[in-house]
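Student: Generate the whole structure from the sequences, applying the supplied hints.
What follows is the residue order along each chain.
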Amino acid sequence: MSPTSTTTAGDYVASLRTAQQMIALDKIRARQKTPEPDGTLIGVGFATYTEQSAHGTKVFAAWGLPLVPGFEQASLKLTPDGGLEVRAGIVTIGQGLETTLAQVANEILTIPVSRIKVKLGDTATTPYSTGAYASRGIVMAGGAVSRSAEKLAERIKHIAAHLMQKRPDEVKFKDGRIEAGGARLDFAEVGRAWYLRPETLPENVDTGGLEVTEGYKPLVDGGVFSYATHAAVVTVDPRTGLVKILDYVVVEDCGRVVNPMIVEGQTFGGVAQGIGTALFEESTYDGQGQPLASTLMDYLLPGPTELPSIRMAHTETPSPYSAHGIKGVGEGGAIAPGATVVNAINDALRSLGAEVCEIPATPRRVLEAIAAAQKQAAA
Amino acid sequence: MKPVAFDYHKARDVGDALTALGAHDGDAKPVAGGCSLGPMLNLRLARPAKLIDLRAVGELRQLVRAPDHLMIGACWTHAEIEDGIVPDVTRGLMRQVAGGIAYRPVRNRGTIGGSLAHSDPAADWVTTMAVLDAGILISGRSGTRRESALSFMIGAYATTLQADELVTAVEVPVLSAGARWAYHKIARKTGEFALAIGAAVHDPARDYARVVCGAVEAPPLLLPRTSEALRESPSAAMKAAEAEIDTLLSAHDGIFKQHHNVAIERALAELGR
Chain P
1 MSPTSTTTAG
11 DYVASLRTAQ
21 QMIALDKIRA
31 RQKTPEPDGT
41 LIGVGFATYT
51 EQSAHGTKVF
61 AAWGLPLVPG
71 FEQASLKLTP
81 DGGLEVRAGI
91 VTIGQGLETT
101 LAQVANEILT
111 IPVSRIKVKL
121 GDTATTPYST
131 GAYASRGIVM
141 AGGAVSRSAE
151 KLAERIKHIA
161 AHLMQKRPDE
171 VKFKDGRIEA
181 GGARLDFAEV
191 GRAWYLRPET
201 LPENVDTGGL
211 EVTEGYKPLV
221 DGGVFSYATH
231 AAVVTVDPRT
241 GLVKILDYVV
251 VEDCGRVVNP
261 MIVEGQTFGG
271 VAQGIGTALF
281 EESTYDGQGQ
291 PLASTLMDYL
301 LPGPTELPSI
311 RMAHTETPSP
321 YSAHGIKGVG
331 EGGAIAPGAT
341 VVNAINDALR
351 SLGAEVCEIP
361 ATPRRVLEAI
371 AAAQKQAAA
Chain V
380 MKPVAFDYHK
390 ARDVGDALTA
400 LGAHDGDAKP
410 VAGGCSLGPM
420 LNLRLARPAK
430 LIDLRAVGEL
440 RQLVRAPDHL
450 MIGACWTHAE
460 IEDGIVPDVT
470 RGLMRQVAGG
480 IAYRPVRNRG
490 TIGGSLAHSD
500 PAADWVTTMA
510 VLDAGILISG
520 RSGTRRESAL
530 SFMIGAYATT
540 LQADELVTAV
550 EVPVLSAGAR
560 WAYHKIARKT
570 GEFALAIGAA
580 VHDPARDYAR
590 VVCGAVEAPP
600 LLLPRTSEAL
610 RESPSAAMKA
620 AEAEIDTLLS
630 AHDGIFKQHH
640 NVAIERALAE
650 LGR
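As they're listed, the protein sequences go chains P and V.
Going by this note's numbering, the first residue of the first sequence is number 1, and it counts up by one from there.
Going by this note's numbering, the first residue of the second sequence is number 380, and it counts up by one from there.
No lab work stands behind these hints, which were simulated from the structure alone.
Built from N, CA and C at the ideal position, the CB exists for glycine as well.
One or more of the hints may lead you astray.
[Said to hold, decoys possible] List time: in silico DSS-like cross-link candidates among lysine-lysine, alpha-carbon distance up to 30 Å:
id: 1; chain 1: P; residue 1: K33; chain 2: P; residue 2: K244
id: 2; chain 1: P; residue 1: K27; chain 2: V; residue 2: K568
id: 3; chain 1: P; residue 1: K244; chain 2: V; residue 2: K636
id: 4; chain 1: V; residue 1: K618; chain 2: P; residue 2: K244
id: 5; chain 1: P; residue 1: K77; chain 2: P; residue 2: K174
id: 6; chain 1: P; residue 1: K77; chain 2: P; residue 2: K119
id: 7; chain 1: V; residue 1: K429; chain 2: V; residue 2: K381
id: 8; chain 1: P; residue 1: K119; chain 2: P; residue 2: K58
id: 9; chain 1: P; residue 1: K77; chain 2: P; residue 2: K166
id: 10; chain 1: V; residue 1: K618; chain 2: V; residue 2: K636
id: 11; chain 1: P; residue 1: K375; chain 2: V; residue 2: K636
id: 12; chain 1: P; residue 1: K119; chain 2: P; residue 2: K172
id: 13; chain 1: P; residue 1: K77; chain 2: P; residue 2: K117
id: 14; chain 1: V; residue 1: K389; chain 2: V; residue 2: K408
id: 15; chain 1: P; residue 1: K375; chain 2: V; residue 2: K618
id: 16; chain 1: V; residue 1: K636; chain 2: V; residue 2: K568
id: 17; chain 1: V; residue 1: K408; chain 2: V; residue 2: K429
id: 18; chain 1: P; residue 1: K151; chain 2: P; residue 2: K77
id: 19; chain 1: V; residue 1: K568; chain 2: P; residue 2: K33
id: 20; chain 1: P; residue 1: K77; chain 2: P; residue 2: K172
id: 21; chain 1: P; residue 1: K244; chain 2: V; residue 2: K568
[Said to hold, decoys possible] To list a few chain V residues with every Cβ distance to chain P over 12 Å, as calculated:
id: 22; residue: G394
id: 23; residue: P466
id: 24; residue: Q637
id: 25; residue: N640
Tutor: So this is what it looks like as structure tokens:
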């Protein structure tokens, strides 16, 4: 498939093929030819999706939403001891932005992540932000940190060049230090010059100093598109309607991966939530409108024993529209499990001519689908 | 949510607990593991004026072996039964059932007496005691009484227990060496209450055969014809079960009946292996 304007950058067919190989489709098809000894039915299902992430100004304005995000901002400050402060208005809700934003700053300035302090979502000290939603955090705030870091880098290089008696274009950052034609300098020395020894600064020093606030949004407002293929193998017990997930694979592409552990963590969590959607979670009401699932005794969530060990593969297709080619990944894992699991259930039920068309695929819905197919066959 | 305010009394012995229970005009509630009462307090579905804590009462932790039964004090936990700390006179049935109750943290606190007094129709001990024909020992201020597990429970969350009475123990029959049992539970996920339970015990040496269908939104359902057929063979019982369930659960829809049919069928198949 050639990339379209909205879903640019991705090989969706390759994603599906990889998932097909990982789940061993041919082996499942072979296994389906012989009945399972315990009377259950085996099925395999796939779903490929795109995840629109970090869509912004024009999209929200066109939707007529009361809140329209603009440029996301980040403030970076080189401190007198050569450390870095990153302040961003985005909030962290467990998605690891403290780590990944530090990594983005490190990518440009090479200051070690251990010397970078990240402060998020404090209206007293951080730039304004509309917050964390739409899988936008790393694209928007990451871009803002990147943009601010680049500007701060220029200022640091200008001061460092003067201190080292070199030209600014000779100055490079390497492994947390400043280098120019064999000479070396610590970031702390640049910090000391600005804050404590201003008499050593160049005449034409940028009076903004070692603190920069820059704003960022991607080249397009329509979002940068992550994508993935999920595949699952399930057993369906046609007598009880109970479904068990035997295997689950994810082939995901979120552009340039900032931190593989965080991408996998986000995806594992999303898949767990999605399996809840596929098989368990439902707000039910009786005929009088009384809610029937008002506590976690009635509103079922999957637990460790209901979740498979998820196997994951990554492809990396950078976005042409975002800083560093990053795409969002926060919500993706939860998108596909409903389709993946129900496709697998319906593959298992194919021999019975039955089809489940509603989630969660509860034992009752599975048995009703089988009964409906039997009734139709008898008619 | 939080419970409404209540008083707390730590009972010293059964007599003290009964006095405390009687003193509040039926407005006091005994508590042991608190696994069912705790959530009900927090949801304010239960609003007792006083909780009588039974956990320090030594009499409720007795184990008395008689030739034909074991008396198990009400405050033994599911975990202690699962782990074999409470001897299993049912040749493994009670240990298996205990290990399948909810999750380990619940089993660590929840007690057999508490579960029976609460009488959730989908709870495991309710059906297990019924299939074993266990006795429930009850103390009140006017004395003690023994009731069979089947007649003790009269409806969902309803028993013959009076507000000023306590379940003090269960009397579990000793199964003979040649006895066979099976217990099949259908549940949507680990730790959930059952959609359906099938339980069967066949003990020819004691001339005992019983098949019980559990989690029927009512007391466990004894299947007399199926039980009788089990004396002949598990497959004979299987033949009798479907029609009997169909009749006895006629108020329920096809899927409800199917789940219970399958639970019984699989229990009997296991018993026949």
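Student: Against the earlier hints, flag every one the structure doesn't satisfy and list their numbers going up.
Tutor: Hints 24, 25 are the ones this structure does not satisfy, whereas the remaining hints hold.
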